[in-house]
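In the order they appear, the protein sequences are chains X and A.
Mapped onto the working numbering, the consecutive letters of the first sequence carry residue numbers 1 to 466.
Mapped onto the working numbering, the consecutive letters of the second sequence carry residue numbers 1 to 199.
Hints listed in this document are in silico derivations from the structure and should not be mistaken for laboratory results.
Keep in mind that the hints are not guaranteed to be accurate.
Examples of chain A residues lying across from chain X (beta carbon under 7 Å, computed) [claimed, not checked]:
#: 1; residue: D22
#: 2; residue: S75
#: 3; residue: V136
#: 4; residue: D138
#: 5; residue: H166
#: 6; residue: W191
#: 7; residue: G195
#: 8; residue: R196
Some but not every residue of chain A turned toward chain X, in silico, with C-beta under 10 Å [unchecked claim]:
#: 9; residue: S76
#: 10; residue: S96
#: 11; residue: H145
#: 12; residue: L175
All C-beta atoms, glycine included, are put in the ideal place defined by N, C-alpha and C.
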Amino acid sequence: MTTLAGKVWDRHVIERGDADLLYIDMHLLHELTSPQAFEGLRLAGRPVRRPDLAVATADHNVPTGPDPLSLLDGLAARQLRVQQENCARHGIELHPLGSPGQGVVHVIGPELGLTQPGMTIVCGDSHTATLGAFGAVAFGIGTSQVEHVLATQTLWMPRPRTMAVTVRGTPRPGTSAKDLALAIIARIGTAGGTGTLIEYRGDAIAALPMEGRMTVCNMAIESGARSGMIAPDDTTFAYLEGRERSPRGRLWERALDDWRTLRTDDGAAFDREAVIDASAIGPQASWGTNPAQTTGIDGTVPDPASFGDAAERAAAERALAYMDLAPGTALRDIAVSTVFIGSCTNGRLADLRAAADVMRGRRVAPSVRALAVPGSTRVKRQAEDEGLDEVFRAAGFEWRSSGCSMCVGMNGDVVEPGAHSASTSNRNFESRQGPGARTHLVSPASAAASAVLGHLASAADLGEVR
Amino acid sequence: MEPVTRVAGRAVPLDRSDVDTDQIIPARWMKRVERTGYAGGLFEKWRRDPAFVLNDPAYAGASILVSGPNFGCGSSREHAPWALRDFGFRAIIAPSFADIFRGNLPNSGLVPVRAAPDVVSALLAAVTADPATEIVVDVAARTVHCAGVCDAPFELDESAHHRLVHGLDEIDLTLARDAAIAAHERTRPPWMPTGRPGH
Numbered sequence: 001m002t003t004l005a006g007k008v009w010d011r012h013v014i015e016r017g018d019a020d021l022l023y024i025d026m027h028l029l030h031e032l033t034s035p036q037a038f039e040g041l042r043l044a045g046r047p048v049r050r051p052d053l054a055v056a057t058a059d060h061n062v063p064t065g066p067d068p069l070s071l072l073d074g075l076a077a078r079q080l081r082v083q084q085e086n087c088a089r090h091g092i093e094l095h096p097l098g099s100p101g102q103g104v105v106h107v108i109g110p111e112l113g114l115t116q117p118g119m120t121i122v123c124g125d126s127h128t129a130t131l132g133a134f135g136a137v138a139f140g141i142g143t144s145q146v147e148h149v150l151a152t153q154t155l156w157m158p159r160p161r162t163m164a165v166t167v168r169g170t171p172r173p174g175t176s177a178k179d180l181a182l183a184i185i186a187r188i189g190t191a192g193g194t195g196t197l198i199e200y201r202g203d204a205i206a207a208l209p210m211e212g213r214m215t216v217c218n219m220a221i222e223s224g225a226r227s228g229m230i231a232p233d234d235t236t237f238a239y240l241e242g243r244e245r246s247p248r249g250r251l252w253e254r255a256l257d258d259w260r261t262l263r264t265d266d267g268a269a270f271d272r273e274a275v276i277d278a279s280a281i282g283p284q285a286s287w288g289t290n291p292a293q294t295t296g297i298d299g300t301v302p303d304p305a306s307f308g309d310a311a312e313r314a315a316a317e318r319a320l321a322y323m324d325l326a327p328g329t330a331l332r333d334i335a336v337s338t339v340f341i342g343s344c345t346n347g348r349l350a351d352l353r354a355a356a357d358v359m360r361g362r363r364v365a366p367s368v369r370a371l372a373v374p375g376s377t378r379v380k381r382q383a384e385d386e387g388l389d390e391v392f393r394a395a396g397f398e399w400r401s402s403g404c405s406m407c408v409g410m411n412g413d414v415v416e417p418g419a420h421s422a423s424t425s426n427r428n429f430e431s432r433q434g435p436g437a438r439t440h441l442v443s444p445a446s447a448a449a450s451a452v453l454g455h456l457a458s459a460a461d462l463g464e465v466r
Numbered sequence: 001m002e003p004v005t006r007v008a009g010r011a012v013p014l015d016r017s018d019v020d021t022d023q024i025i026p027a028r029w030m031k032r033v034e035r036t037g038y039a040g041g042l043f044e045k046w047r048r049d050p051a052f053v054l055n056d057p058a059y060a061g062a063s064i065l066v067s068g069p070n071f072g073c074g075s076s077r078e079h080a081p082w083a084l085r086d087f088g089f090r091a092i093i094a095p096s097f098a099d100i101f102r103g104n105l106p107n108s109g110l111v112p113v114r115a116a117p118d119v120v121s122a123l124l125a126a127v128t129a130d131p132a133t134e135i136v137v138d139v140a141a142r143t144v145h146c147a148g149v150c151d152a153p154f155e156l157d158e159s160a161h162h163r164l165v166h167g168l169d170e171i172d173l174t175l176a177r178d179a180a181i182a183a184h185e186r187t188r189p190p191w192m193p194t195g196r197p198g199h
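Using the sequences and the hints, build the whole thing.
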């Protein structure tokens with residue numbers, strides 16, 4: 001009796017030990033965490049073992065305004081040039097800024113069909129966890145490990161423990177995958193998944209489309225887990241069928257036969273388990289400086305004294321000081337002056353549709369600056385084909401080109417110091433969205449509603465306003 | 001890599017939980033393509049506060065950082081260990097670490113010292129009370145010593161321990177397994193995708 005994670009892991013073990021030597025099926029690269037790895041190879045005179053099992057793009061540094069290439073700062077331009085040289089020298093597929101395949105690395109992998117069930121996938125980026133939504137073992141690695149994978153197509157990894165997060169029942173209306181993800185982290189904590197691969201299971205997970213499953217797995221890292229996984233099913237197969245790199249014909253049939261075996265056996269034991277009642281979950285918003293500091297939108301900022309654990313209490317005190325919030329403040333009373341819709345968490349077409357549905361016929365409040373940033377150039381084109389760009393523009397949003405943008409604040413898209421943002425990204429760490437930025441993590445629909453009202457809100461709050 | 005068998009020196013107390021990688025080194029420093037030169041970015045935002053512990057001259061030259069649980073949570077950026085190393089730290093003592101960060105530390109020759117919570121609390125109290133307090137991390141024996149405070153074991157997984165103590169290059173170790181890697185490689189299912197250079 002084996003778990004899904006165990007099955008996929010075991011297939012890739014070359015040598016067992018305190019750390020297993022694991023074969024890596026796909027290595028995704030972005031511009032930030034790979035230059036030093038290529039430089040290491042060059043200094044050691046080592047080749048890339050399997051350039052055909054690597055795919056690169058530019059996402060963190062790229063400007064998202066009109067004509068992004070002209071907006072690059074000197075350091076970013078140098079980093080992109082180094083990436084192009086490295087990929088050309090070693091024969092690695094690259095989707096550079098300005099190309100139709102460019103986008104946030106965790107968004108373009110699935111788009112191309114590069115992320116399939118049963119694979120091992122790594123990238124020098126913690127949100128590689130996103131790709132576990134396909135039933136793959138997918139995790140973030142450091143730059144030394146990027147170099148190791150380039151040189152050997154393998155990694156030494158201690159076999160992770162397993163954790164089952166079972167989400168049962170039907171969430172309240174207006175509750176998105178992001179709300180489930182935030183509620184799960186609030187429940188298990190920032191280190192609740194440490195040392196594990198989390199398998200998300202239960203009817204509330206099975207009911208999610210692939211985009212929602214990616215949102216949930218994306219945030220596994222925010223609960224400390226190496227990654228998240230969801231067993232592949234017909235939803236997964238329907239998403240993959242016909243993608244550019246998905247198998248076709250007889251190979252597709254063979255792949256399906258294999259993929260259908262990738263599920264946790266009945267009675268298989270997990271090292272840890274959490275069961276969550278989805279029917280108790282509604283729209284969420286974070287109030288603090290880590291993603292576990294989250295509560296329902298109907299809630300209030302907690303009193304640090306209410307935390308029994310001393311470390312949690314101290315963390316809450318520091319968070320409230322940084323966020324300039326008083327205990328007992330209703331979340332809806334928190335004014336926001338910036339709204340960001342995008343990122344590897346919520347930058348896919350389904351996310352833009354959810355936000356556009358809220359914005360249609362409404363306006364961004366005069367006090368708010370709002371950005372919609374597609375997760376990839378392909379998502380941008382699809383959204384424009386549906387007229388979503390017009391909805392956002394008419395509502396007063398800035399409609400941007402694709403990149404990590406205001407999630408990581410490296411490309412000039414930043415929240416003003418001291419300002420509060422409603423953001424569909426994944427981290428509300430101090431200064432993450434710019435020096436002094438005060439981030440509230442929310443779903444795309446809630447971000448849109450917050451843009452309209454100028455304070456934290458859920459889409460249901462717009463009922464009386466209209 | 002140079003072997004790391006022992007780290008001895010004074011320590012900086014950073015008594016916070018969930019110290020994330022965006023605090024350790026802000027993202028803007030990641031536009032650089034070098035592997036060194038990150039000392040200026042270490043805790044860049046917090047260091048703007050004159051009262052921040054790293055600005056206290058009494059702790060100048062310390063080689064050990066003592067902090068709270070879940071140290072290094074967040075991003076996979078190895079720039080975080082690089083910044084700690086470039087600033088002069090050689091070991092980080094905490095009750096727990098985030099997984100990716102903990103795995104990254106030894107690759108820069110830094111020692112993740114996961115000690116029991118009461119040991120870490122005692123060390124925090126000692127170095128806060130007296131910045132001259134000396135701590136010895138015996139990597140080979142996996143113990144942490146501080147006179148009159150503790151003489152305690154810490155956790156360090158076998159592979160990290162082996163590489164630190166012997167200063168081994170992990171890629172060399174792996175390349176020696178070429179035949180086994182190639183044999184496994186031939187079993188990769190034919191439906192799995194590949195990149196297309198020049199795409």
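How the hints compare with the structure:
1. D22: 4 Å, holds
2. S75: 5 Å, holds
3. V136: Cβ of A:V136 sits 25 Å from chain X, so the hint is violated.
4. D138: 20 Å, violated
5. H166: Hint on A:H166: violated, closest Cβ of chain X at ~15 Å, above 7 Å.
6. W191: 4 Å, holds
7. G195: 4 Å, holds
8. R196: 5 Å, holds
9. S76: 4 Å, holds
10. S96: For A:S96, the interface hint holds, since the closest Cβ of chain X sits about 6 Å away, which is under 10 Å.
11. H145: 25 Å, violated
12. L175: 6 Å, holds
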